[in-house]
Amino acid sequence: MKRGALIALLVIVVILLGLFILGGFIYLQFTQEPYVPQKAYLKIELSGTIHETAPARLLSMGGGEPTIHDLWYNLERAARDPRIRGVLVRIGYLDCGFAKVEEIGRLLKRFADAKKPVTAFIVDGGLKECYLASFADKAVMFKGGALSVSGIGAEAVFLKNTLSKLGVQADMFHIGDYKTASNTFTEERMTPAHRESTQALIDDLYQAVIDGLAANRKLDAAKVRDLVDRSPLPQEEYVKAGLVDSLGYEDDLFKLMPATLPEVTFRTYAKTRSPLPFSGSKKIAVIFAAGEINLGRSGGSSLFGGEVLGADTLAEQLRSARNNSAVKAVVLRVDSPGGSAVASDIILREAELLAAKKPLVISMSDMAASGGYWISLAASRILAQPETITASIGVISGKLVLKGLYDKIGVTKEILRTSPYAAMYSDYEPFSEAERQKVIGDMQRIYGEFLAKVARNRKMDKPAVDRIARGRVWSGRAALRLKLVDAMGGLGAAVDEARKLARIPAGERFGIRVYPQKKSFFEMIFELAGAKARNPLDVRERLQAYRNYFPAMALPFALRCF
14 MKRGALIALL VIVVILLGLF ILGGFIYLQF TQEPYVPQKA YLKIELSGTI
64 HETAPARLLS MGGGEPTIHD LWYNLERAAR DPRIRGVLVR IGYLDCGFAK
114 VEEIGRLLKR FADAKKPVTA FIVDGGLKEC YLASFADKAV MFKGGALSVS
164 GIGAEAVFLK NTLSKLGVQA DMFHIGDYKT ASNTFTEERM TPAHRESTQA
214 LIDDLYQAVI DGLAANRKLD AAKVRDLVDR SPLPQEEYVK AGLVDSLGYE
264 DDLFKLMPAT LPEVTFRTYA KTRSPLPFSG SKKIAVIFAA GEINLGRSGG
314 SSLFGGEVLG ADTLAEQLRS ARNNSAVKAV VLRVDSPGGS AVASDIILRE
364 AELLAAKKPL VISMSDMAAS GGYWISLAAS RILAQPETIT ASIGVISGKL
414 VLKGLYDKIG VTKEILRTSP YAAMYSDYEP FSEAERQKVI GDMQRIYGEF
464 LAKVARNRKM DKPAVDRIAR GRVWSGRAAL RLKLVDAMGG LGAAVDEARK
514 LARIPAGERF GIRVYPQKKS FFEMIFELAG AKARNPLDVR ERLQAYRNYF
564 PAMALPFALR CF
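Residue 14 is where the sequence shown starts when you use the working numbering, and the numbers rise one by one after that.
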């Protein structure tokens, strides 16, 4: 018996020792700083989806494409790092908006200001990829690829007939002729207002890109537009026109470099800790706010497939930055199509409390529309890219009536009420006329509040705001003309603006505090161990959340520009 107990104890000790060794090995893999040669080029591979920040999940560690946060922080480091002599950017198809392309391009320009060359290699792509490459000192296209730099198209999906076949009726309303998110469910095609605003938006985005291409490549804008309008063309035409410098293969790139040096991948370099680009007792907080705005915590995906920006999470981060005496100013980086009106107002309240105590600068990414614009209104300054999609000052509300679908599958319901409006959001019957008036009245109240907040914070009169609101989306450069934003610029420019507003002298070093903060390896392990398992196919919880979603302030999520 004693011998058996000793053997069992020995087995337990061996298992624990093995787990300790394995844990230590994994820990070292994630924490050990890799070697960087004294003279090297930094190689960045960009393709696919570009997120603002990486999800704080164990399975995402060490993988995925570089995020805007990664690129901003590490290119600032690399510009100061004497070991890094230049950057090679390998570009594939990008799944992001033009504002993120502009953002990355500006970050590369800031790096090049340190007198270090940037070379871009386009493996394959179109207008986005060509535009990104134009920010580099040299742009080379893969000789065996096909560059299709045709203009910008937009398509909107309409589901009215599909829902009708299923027995589903969309009983939805919108405040503002241009607030077209609900049109996805209520229309068969674009309304005149929908068509007008969408065409104007893509025309504006297109011209912004053409102007950017011309400026970066030192070409005439009219000639660049003519070239793109005639595209796609044979690759040699782009070289001849000066849109790219040459055709070649990846191994040819090193012939363009001042010296033959080893390369360091961006993923490897991001694991190193020095040099620190930002350090000092005075700090600027940078808070990344990306996703569809909803009540509760951030994380997971929305019913429509995007990220969820939780009001509770963002409010906590704003509160933390407000109460941190070392933080002298805050940059709120917004990439959101909007969402819940209630959740948006929770965030705005915290932003207002922060702005009353210290400077708050908004940096708009691809999208800061509807609720995304609402949460930006407390700022001391708002910066956007020319290609940012913003405003969409309006409200939608309503419900999907499923009675026809229930009839098809043999489901019946019986509704009891304690008061006339107790079951107004039931999915078994459309709104009555009285219920309809209640919903529209609530929407008009929220729209009026939206107009008032914009008028107060942007120092405009309410009727003037209403004329440019009504749910209409605007490009960043149109928003500047309409005084909805203060200046053009990206994340780096927003941090510079925050430093000035905090009265930190130009020569004085300052630190950066980023939210959401990255979790340690062991924090993720413990979180994973204590997490509640979820079935990704079970949408009951998400559908329940959307019962309380309306009235909402959301961009037309079915609009896709490509």
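Source of the hints: derived by calculation from the structure; they are not laboratory data. Backbone N, C-alpha and C fix where the C-beta goes; we use that ideal spot for every residue, glycine too. Just to be clear, a hint being listed does not mean it is correct.
Said to hold, decoys possible - As a list, the in silico DMTMM-like pairs of lysine to aspartate or glutamate whose alpha-carbon atoms are at most 25 Å apart: (1) Lys231 to Glu209; (2) Lys173 to Asp150; (3) Lys466 to Glu329; (4) Lys236 to Glu329; (5) Lys122 to Asp509; (6) Lys416 to Glu462; (7) Lys122 to Glu329; (8) Lys156 to Glu329; (9) Lys284 to Asp440; (10) Lys466 to Asp190; (11) Lys122 to Glu58; (12) Lys236 to Glu250; (13) Lys122 to Glu209; (14) Lys416 to Asp137; (15) Lys421 to Asp265; (16) Lys128 to Asp108; (17) Lys370 to Asp264; (18) Lys284 to Asp126; (19) Lys472 to Glu462; (20) Lys56 to Asp264; (21) Lys421 to Asp455; (22) Lys253 to Glu276; (23) Lys475 to Asp258; (24) Lys178 to Glu363; (25) Lys451 to Glu209; (26) Lys451 to Glu363; (27) Lys253 to Asp264; (28) Lys178 to Glu521.
Said to hold, decoys possible - Label-pair ranges, simulated between beta-carbon atoms: (29) Arg243 to Arg286: 45 to 55 Å; (30) Gly61 to Pro95: 44 to 54 Å; (31) Pro288 to Ser338: 24 to 34 Å; (32) Thr175 to Ser338: 34 to 44 Å.
Here is what the structure says about each hint:
{"no.": "1", "hint": "Lys231 to Glu209", "result": "violated (32 Å)"}
{"no.": "2", "hint": "Lys173 to Asp150", "result": "violated (49 Å)"}
{"no.": "3", "hint": "Lys466 to Glu329", "result": "holds (22 Å)"}
{"no.": "4", "hint": "Lys236 to Glu329", "result": "violated (50 Å)"}
{"no.": "5", "hint": "Lys122 to Asp509", "result": "holds (15 Å)"}
{"no.": "6", "hint": "Lys416 to Glu462", "result": "violated (34 Å)"}
{"no.": "7", "hint": "Lys122 to Glu329", "result": "violated (34 Å)"}
{"no.": "8", "hint": "Lys156 to Glu329", "result": "violated (51 Å)"}
{"no.": "9", "hint": "Lys284 to Asp440", "result": "violated (51 Å)"}
{"no.": "10", "hint": "Lys466 to Asp190", "result": "holds (20 Å)"}
{"no.": "11", "hint": "Lys122 to Glu58", "result": "holds (17 Å)"}
{"no.": "12", "hint": "Lys236 to Glu250", "result": "holds (13 Å)"}
{"no.": "13", "hint": "Lys122 to Glu209", "result": "violated (35 Å)"}
{"no.": "14", "hint": "Lys416 to Asp137", "result": "violated (49 Å)"}
{"no.": "15", "hint": "Lys421 to Asp265", "result": "violated (64 Å)"}
{"no.": "16", "hint": "Lys128 to Asp108", "result": "violated (30 Å)"}
{"no.": "17", "hint": "Lys370 to Asp264", "result": "violated (54 Å)"}
{"no.": "18", "hint": "Lys284 to Asp126", "result": "holds (24 Å)"}
{"no.": "19", "hint": "Lys472 to Glu462", "result": "holds (15 Å)"}
{"no.": "20", "hint": "Lys56 to Asp264", "result": "holds (13 Å)"}
{"no.": "21", "hint": "Lys421 to Asp455", "result": "violated (33 Å)"}
{"no.": "22", "hint": "Lys253 to Glu276", "result": "violated (30 Å)"}
{"no.": "23", "hint": "Lys475 to Asp258", "result": "violated (50 Å)"}
{"no.": "24", "hint": "Lys178 to Glu363", "result": "violated (45 Å)"}
{"no.": "25", "hint": "Lys451 to Glu209", "result": "violated (30 Å)"}
{"no.": "26", "hint": "Lys451 to Glu363", "result": "violated (29 Å)"}
{"no.": "27", "hint": "Lys253 to Asp264", "result": "holds (22 Å)"}
{"no.": "28", "hint": "Lys178 to Glu521", "result": "violated (65 Å)"}
{"no.": "29", "hint": "Arg243 to Arg286: 45 to 55 Å", "result": "holds (49 Å)"}
{"no.": "30", "hint": "Gly61 to Pro95: 44 to 54 Å", "result": "violated (32 Å)"}
{"no.": "31", "hint": "Pro288 to Ser338: 24 to 34 Å", "result": "holds (26 Å)"}
{"no.": "32", "hint": "Thr175 to Ser338: 34 to 44 Å", "result": "violated (55 Å)"}
Violated hints, in rising order: 1, 2, 4, 6, 7, 8, 9, 13, 14, 15, 16, 17, 21, 22, 23, 24, 25, 26, 28, 30, 32; the structure is consistent with all others.
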